[in-house]
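Visitor: Listed below, chain by chain, are the residues.
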Amino acid sequence: DTGVSQNPRHKITKRGQNVTFRCDPISEHNRLYWYRQTLGQGPEFLTYFQNEAQLEKSRLLSDRFSAERPKGSFSTLEIQRTEQGDSAMYLCASSSSGGSDTQYFGPGTRLTVL
Amino acid sequence: SQQGEEDPQALSIQEGENATMNCSYKTSINNLQWYRQNSGRGLVHLILIRSNEREKHSGRLRVTLDTSKKSSSLLITASRAADTASYFCAPGFQKLVFGTGTRLLVSP
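So the sequences go chain by chain: C and Z. When you line the first sequence up against the working numbering, it's residues 100 to 213, in that order. When you line the second sequence up against the working numbering, it's residues 656 to 763, in that order.
Calculated directly from the structure, the hints in this document are not laboratory data.
Below, computed lysine-lysine pairings styled on DSBU-like, alpha-carbon distance capped at 30 Å: (1) Z/750 <-> C/110; (2) Z/750 <-> Z/724; (3) Z/750 <-> C/156.
All chains should be modelled from the sequences, with the hints used to inform the complete structure.
Guide: Written out as structure tokens, the structure reads:
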């Protein structure tokens, strides 16, 4: 069990560019979640998958955001036409619906939009 | 899912002292979880307590749950400088809704 991993750990981009983050969940976990966290705040839910199905999306997730989990394993979160307000830590978590459903978090990807 | 509200917002203690932080929520839950976050890092799961449990221990951590008052507390005994972090509670499961957390500072 290697835990949840996220890549890259840091990303600096210019406003208007597209960025993509990857999350690899704990291998036997069928649920995967994305959260966003800004300084001084708790994480905010963005979206979650059960296997490859995206079951819920927050209203925070504008049309510029898209998440996929094509084979029910790793997931990607893409932000198109980044804005300075997108600067945040993007956290991924995974859980097993067959267990306690406890969410285990990855280390996060810190995005800075210049 | 619903939001947990942690209290106090900040807590400063000396090493060796105990730290208590509280969480309140609004509607019935099946379980509640506590997480720790060191500065700039991901969240670490500390403990899950179910609605039919009143108290749970894990090492130096003690969590209580009072479903009648819709509140939970996290006690860290004999605190260490390494316990310096933000602590969050999360009622329910799946779509977790976090408050702003309790920022704990443990000074040597």
